[in-house]
Amino acid sequence: MRPLTDAEMKTVLDKLANYMSDLKSLIAPLEDGDRYVFRLNHSRVYYVKLSIANLATSISRDALLSLGTCLGKMTKTGKFRLHITALPILAAGARHKIWVKENGAQPFLYGSNVVKAHVGRWSEDCPEHQGCVVYSMADVPLGFGVTARSTTEARRLDPTGIVCFRQADCGEYLRDEDTLFAG
Amino acid sequence: MAPTRTIKNKQAGSKSGGKSGGKSGGAGGGRSKTGAGVSKPRSGAGSKSKAPISASQIKGRPNLPGLDKKKKKKVYTEKELGIPQLNMITPVGVTKPKGKKKGKVFVDDRESMSTILAIVQAEKEGAIESKLIKARQMEEIREARRVEAEKKEAERKAKLEETKDSLRKKRKKADGKKKNGDDDDVNVKELASAGTKASKPKSKKRVSFAAE
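As you go down the protein sequences, you meet chains A and B in turn.
UniProt numbering applies: residue 1 is where the first sequence begins, and numbers increase by one.
UniProt numbering applies: residue 1 is where the second sequence begins, and numbers increase by one.
Mixed in with the good hints there might be a few duds.
Computed, partial: chain A to chain B, Cβ under 7 Å [claimed, not checked]:
#1 Pro3
#2 Thr5
#3 Leu13
#4 Ala17
#5 Pro127
#6 Val140
#7 Thr152
#8 Arg156
#9 Asp158
#10 Ile162
Treat the hints as calculated values from the structure; they're not laboratory data.
Where a beta carbon is used, it is the ideal one built from N, C-alpha and C, also for glycine.
For reference, chain A alone in the conformation it holds in the complex (with noise of 0.2 Å):
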C-alpha cells in the first residue's frame, strides 16, 4: 500500500472531476482533525481516512485484501476505471443526474443504458458525453454513466433513443462479485 505518485493523483481527480463538482469537500479536513486520503494497493485506489491508512501499515500488501472506500482500478495503460463501489462518494457531489422511473430501474440494474422513456427527470444544461448519477426517483443512487445528448438535444429523442451510456451499477455487486474486490 502506497500513496498516489502526482501523475496518479492527477489521473484520479480528473476522473472523479467528470461526475463531481466539488472535488475540494473530498480531501477537507475533518472534525477530529483527521482527514480522507488515497491509497493505491494491488493497482486498486482507495479512499481512506488518514488514521486508518495509518493502522493498515502494519498489515502487509499481500495479506492486505482491502480498506476504506474502494473507487477503481488503475490500468496497465495509467488510466483510471471508477468502480462501482465509488458512487457514495460520487453521489454525494454529483454534477449531473438522471432520475430514471420505477419501470426504468430495473433494466438500467440488469445493465443495460437509460432510455428516453425511462427518464423521470434530468438536470438541467447537461452537456453531451459528461459524466452523471442515476438515480431513482425516490433518489435512491443506482449507478452511474456517460450522457450520450445533451439536454435539449434528448428533449427532441424519440423515446427509444439512449440518453445515457451506462458506466456502473448496483447490479454489479452481484454480477461482478468475484472480480470487484479481488482479482
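Here the structure of chain A is known, so what remains is to put chain B in place on it, guided by the hints.
Coordinates of chain B only, in the frame set by chain A:
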C-alpha cells in the same frame, strides 16, 4: 639522437649478426666494442648500455612505446561523435533523467493534493463550460436553420397555392365563357361546316333497305 641509432643498429646487428658479422666489425675501430657486444648474448649488451641511453632518451624522444602506454585513450561519448540516433521507440521507464532522485514521488501532504485538485477542477470546469457554450451555439445555429427551412417551405407553399389559385381562376373564367358563349360557338361551327349551303338544314343520312 645518435645513441638511439646505435641501439637500433645494435638490434639490427644482432639480428643480422649471423649473416654479416664481418661487415659490422670492419666498419670502424670505435664500433669494434659494439661488434663484440653483438656476438655476446643480447641481455648482457643491453645492461651495459641501458643506463646512459635511457636518460638521454627521455630528453631527446618522449614518445617511446613505454610512455605511450601511460597516455590515456580518449573515450568519446555518443553525443560527441554525433552519430544519428536509431529510429526506435524508447520505453518510458528506460530513459532516466540524470540528476533526479530515483523512485516515485508521492503526493501525500494536503497542500500539494489541493494544488493538483484545484488545477484539475479548473481544467474540468473550463472544458465543461466550453462544451456548454459550443452546444448552445450549435443549438442556435440549428434553430436558425430550422426557422429558415420553415420560411422557405412556407414560401414554396404560398407560391404553389398562388399558382393553383391562378389556374383555378383561369379555369373558372374559361368555364364562364363557355357557358355564356355556347350558342355562338355552335352557330359558328354550323356555319363553318355548312359553308355556302347555309339554307339547307343539316339532316342525318338515312339508310334504308331496298324494298323487293
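Quick rundown of the hints versus the structure:
1. Pro3: The hint holds - Pro3 of chain A has a Cβ within 7 Å of chain B, the shortest such distance being about 4 Å.
2. Thr5: Since the shortest Cβ distance to chain B is 5 Å, the answer is holds.
3. Leu13: holds (4 Å)
4. Ala17: Status holds, d = 4 Å.
5. Pro127: The hint holds - Pro127 of chain A has a Cβ within 7 Å of chain B, the shortest such distance being about 4 Å.
6. Val140: violated (26 Å)
7. Thr152: holds (6 Å)
8. Arg156: With a minimum Cβ separation of about 10 Å from chain B (threshold 7 Å), the hint on Arg156 of chain A is violated.
9. Asp158: violated (17 Å)
10. Ile162: Because about 18 Å separates Ile162 of chain A from the closest Cβ in chain B, which is outside the 7 Å limit, the hint is violated.
Checked against the numbered hints given earlier, the structure breaks hints 6, 8, 9 and 10 and satisfies all the rest.
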